[in-house]
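> Chains as they are written, first to last, in numbering that gives the first Met the number 0: chain A, 0 to 479; chain B, 0 to 259.
Bear in mind the hints are in silico, worked out from the structure with no lab data behind them. Watch out, some of these pointers could steer you wrong.
Calculated lysine to aspartate or glutamate pairs in the EDC-like style (CA-CA distance at most 20 Å, straight line) [as the list claims (entries may be wrong)]:
1. A:K429 to B:D256
2. A:K196 to A:D181
3. B:K63 to A:E393
Predicted, not measured: the structure shown is a model, and the values here were computed from it.
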Amino acid sequence: MQPTSHDFKSNARTALADRQLQEALSGIPGGLVAQRRAARDRLPEFDDLRDYGRDLRNHALQHLDIYLERYEQAVTEAGGHVHWASTGGDACAAILRICQGAGAQLVTKGKSMVSEEIGLNANLEKAGLEVVETDLGEYILQIRHETPSHIIAPAIHLTQGQVEADFRREHSQLPKDRRLIDPAELVDEARQILREKFLNADVGITGANFLIAETGSSIIVTNEGNGDLTQSLAKVHIVITSVDKVVPTFNDAAALLRLLARSATGQEITSYTTFSTGPRRAGDPDGPEQYHVILLDNGRSELLGTEFREVLRCIRCGACMNHCPVYNAVGGHAYGWVYPGPIGAVLNPGMIGIKEAGNLPNASTFCGRCESVCPMHIPLPKLMRHWREREFLEGETPFVTRLALKSWATLARQPWAYHALSRLMSRAMKFASGRHGAFTWMPFASGWTGGRNFPAPQGKTFQELWAAREKQAARTGRTQ
Amino acid sequence: MSDPATKRPRVGLFATCLVDMFRPSVGMAAARLIEYADCEVVVPHAQTCCGQPAYNSGDRADAKALALQTIAAFEGCDYVVAPSGSCAGMLKAHYPRLMDEGSDDHARASAFAARVHELVSFLVDVRGLSDVPGAFSGTVTYHDSCSGLRELTIKSQPRTLLKSIPGLELKEMDDCEICCGFGGAFSVKFPDISNAMVEKKTANIAAADADIILAGDLGCLMNMAGKLSRQESKIACRHVAEILAGELDDPPIASSDDKR
Ligand code: SF4
Chain A
0 MQPTSHDFKS NARTALADRQ LQEALSGIPG GLVAQRRAAR DRLPEFDDLR DYGRDLRNHA
60 LQHLDIYLER YEQAVTEAGG HVHWASTGGD ACAAILRICQ GAGAQLVTKG KSMVSEEIGL
120 NANLEKAGLE VVETDLGEYI LQIRHETPSH IIAPAIHLTQ GQVEADFRRE HSQLPKDRRL
180 IDPAELVDEA RQILREKFLN ADVGITGANF LIAETGSSII VTNEGNGDLT QSLAKVHIVI
240 TSVDKVVPTF NDAAALLRLL ARSATGQEIT SYTTFSTGPR RAGDPDGPEQ YHVILLDNGR
300 SELLGTEFRE VLRCIRCGAC MNHCPVYNAV GGHAYGWVYP GPIGAVLNPG MIGIKEAGNL
360 PNASTFCGRC ESVCPMHIPL PKLMRHWRER EFLEGETPFV TRLALKSWAT LARQPWAYHA
420 LSRLMSRAMK FASGRHGAFT WMPFASGWTG GRNFPAPQGK TFQELWAARE KQAARTGRTQ
Chain B
0 MSDPATKRPR VGLFATCLVD MFRPSVGMAA ARLIEYADCE VVVPHAQTCC GQPAYNSGDR
60 ADAKALALQT IAAFEGCDYV VAPSGSCAGM LKAHYPRLMD EGSDDHARAS AFAARVHELV
120 SFLVDVRGLS DVPGAFSGTV TYHDSCSGLR ELTIKSQPRT LLKSIPGLEL KEMDDCEICC
180 GFGGAFSVKF PDISNAMVEK KTANIAAADA DIILAGDLGC LMNMAGKLSR QESKIACRHV
240 AEILAGELDD PPIASSDDKR
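One chain only, chain B, in its complex shape (with noise of 0.2 Å):
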């Protein structure tokens, strides 16, 4: 468990498979401000996906099979932190729903559920920091993504780390609880729909007039960024940690590399 000389907590980081193949610098960011919270982290090799697509696609055996493969990854944590309130959600709220109750994966899947936490709602809630190593002057929105705001109840955590960056103004959004239209598999089963939600997205960021939008969760965040990359907006798109990290030498979510 925790470190024994320096008695700091450790931190198994569950990256998300989007983060691992899509941006692995929001993982290298989440490993920045864990570590600043004072923890030690660990990236299990084991880790894969959390396995939404399965069990959101009605296919428990493979979502349970991921989930106890998840938990095995994660054995000799203090706490498991994710970048995504949608993926902590599922550890957190779902694994032990996948197990028959009263069985000793249910009792596992239950203890592993209490250790898991988003990633910043653990640095704010868990950790108590209210600084950041990160600097950024310039103005953001923020998007609270579904899964974090009405499964982990994050919406005040990112808000108070942002603040605490000198020079960075928050400026919310219309509706920035709405969902963006992603909904994983929700978006290329029903484009159209899942388009015309983006669009009212994107539109009330646009109306926010600010230099980023940001959110916790990298599927909404590709989500988002690929309307506004085909709308050809001006507007940045981040994951909220790369900000609070301080992060930013990779150009925004789908802007190429000449946009640094």
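This is chain A alone, in the form it adopts within the complex (with noise of 0.2 Å):
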């Protein structure tokens, strides 16, 4: 995928301008983020077990070699295979590998950003492969040539309308008359086409929400069981996945599991979760024959010594794009790489640099819901502001900005010309706005009088206010 996140700007204009996205995106408040509100209030302890989430994240990632060790020999002694992968090229040659060695044509796929992030499905394809999204939001996005707009509700950016039309274009056999409202229905539909897909497939490649040091097991969730049929029906089961998913045991990962159905979705569980250890062994009534683990780094490790560690504890949820503001008013395709939100916002920089995702971290009012429904209690707001300190440093920082501030900082410093210039500011600004209270256009803040006025100053500062009463009181002979 082309990152376009330095497009970020006009890509938010178009978005704001784009009623079906509006549409859609207006659905997120009386949903996703209605339902994780429920979820949390139907589970007393839900805020202790963030902490307790919190801690045991990072314990892993302070252990991670251990823990990936382990992982790997686990998986190793349960039949299965792990290829390590430092960059996403590195992901992609090594699946097209295994693809080719089990002379695949037909490949299934589960949801899984990594494989975004890898761009594993443009790679596969241009190797002759076919490549099939089996959830429903992916397949939608793939029959119209789409990205994921949401890491956990990728089609979240469409109306129920535009996906029926997209149904009736390309199930060229449905009946007119046939009913696709609902998602159930139209999970029925796809299911009609994946069906043969499932059965004919060679290679079925899913993500992995959590890995198990201690039995070498990949879990995935769904709810359409979608990701069940991709693994076990192939005679090749892929997991995509990255290096900071691995927990230690059974246990820690079903804690995660608690806190992850509730801050995606507000379900106490989601309807599918399935535990993969290994290839089939003798006995078993089906699995695949072979089983490979990609782990993916991608930068990862590197920001484990940094101060942008704690982004590692991410678990996926989505909730911090569900309750943000500008992800709620642009939709996440306007963030111009994969991952959108105040997650994307962290995370790309480090994966496509910051030069190209600069206004990702910068497209944040510092509002904190974020970091308040996040359930590994990730400081987003503060992770923003080191990559603006990075940019800073780096001199990434447009230079009109760094000039404007310089020059505020350099009067900042110095009381006595600065209140000098307030005054002079605030009596020549009054002066300027007559009677009226606010300007409707202002020099060098277009932007803000574009779409509302900006309030005019009352003409003296609070400095000299409260000089003139401390003389008076001097006068009076009043203490104070």
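Reconstruct the complex from the two isolated chains, following the hints.
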């Protein structure tokens, strides 16, 4: 995927003017947000569980090397293979090698953001493989040639009407009077097509929500059951995931799953939670002949020792974007790369560079709603600010901003001069505004005045009023 | 420190740069309320801005210099109080983070932070105020500014004091905890998004059908008032301190002099 994060501002403008997108986004507060709130309220120990989850992930990340080694060992013992990939290119190459080794032509895929991160589909298709997305949202995007706009609800930017139209166009066998209103009906319709693909697939690729070090298991959660069919019907199951997903034990994973489902969709538990440990054993009724895990790093291990390390706790629940007023205004595509919303604003600069992604950590009011709902207590605003600091230190902050900032800071460090100028400005602006109380246009702030007026000052500064009061008090002999 | 004759605590009023330049009446109202809570008010001349513009633009060095300047300006005060959740949050939560852990500056910033309070939470939580000098009869709605709400857990305090005013009816609006889209430089750097956010806010304000929209931060208020004024709304916009102190002589924010 070619990043367009540098175009964030114009992407956002387009998104704001897109009626259908705005209609789709308007469903978030009453949907995912309300569902999470209800789930949190039903679980009195929710906040304790969050603290527990945070500590657990901190522990796993502090000893990441040990747990990854243990995990690899357990996978190998179960008859599977672990492939380490330091870049997206390495990961794609490893997956392609496995597919070609199995003589594969048809690949089915469950939802995986890491596969988006490495551009897997395009890579496999270039090599002549047919790749079919089996998650409903991803399936819709595939027929629309679009990318996900959300990490758990990839097609959240679409209205129900748009999806119905897509289905009627692509599934030409559909009778005109067939209802396609509910998600369940859409899933049914997609299944008609997907069933044949599941049965004929040579390789099934899934992501992983967590990896368990003690057992070598990978876990996926879905609500459609497509992951199970993807991974158990094909001869080869490939798990594409990243190094930060490993947790020590089965119990640890269970605690995190409780947080994940509630934070993501407000469910107590997702409809399907699937554990995979190695390939089919003698006597197993089904399962793949080969089981491979691709462990992608792509800059993650470099974050470990830095001020950004806390972001690695992320369990990809999407709550931060659901609650983000900026995400709610512009949707996920405006962010211009795989991970949108607050988590994207922190992750993307590390993956595609601060030059490309610099807009993202800046496009936040630091309202803190993301941090307040993050099940892992990731201080997202603080981490965004750290990216702004890097940007500033590396000289990537735009020149005009730098200049304005420096002149302002120099002035603010000289109170006498600062107060004199404030007095002058206050008077001048008050004078210029006449009796109107607000400006409909202001030089250097046309962005602001494009959509709202700019309030005029009262004409005197507080320092002036206070000095006058003190003088008065001294004259009348009143003590404070 | 505190006045030995009266034993009243000495409160340094950190007016904030926006109040100083745009709406000094908020500073006067704050002083009145602090005095009403039986404290002495001082206003150090060496204060300017809390440093957020630098801090939030990634310019740590200037933010740190301003932090040290502010800390020095308020030496000798028992408390430092600001009529803004955002600036009080900066002084209280972020100044220590600007200093190297273990350094003298860090110790100074931490000791300073412990004395800092946002105005309304100071009145209620520290001074135990349960009534106010202000008088107002009519309906108001209240916007919870982000930093005050999430960094300083200011939620019930303004409501407690507002409800103590006879004749005042508080009508809560939907999504009162969602950001208004101000965000300091954000509003100028990303004006389209900021504008879309404040548009949702003013729709909720209008739906609450109150006479006045109140908040505890002038930045948010200027944003909301600017939008309401563009929409030619009749709803007045004021800092909560103005109502609590009964300082209502000046016209509401972004309103013409004729609308007193
Ligand atoms: S940052 Fe937190 S809220 Fe956002 S996706 Fe990750 S875990 Fe969820």
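> Let me make sure I understand: some of the numbered hints might not hold for this structure. Which ones are they, in numerical order?
Violated: hint 2 alone.
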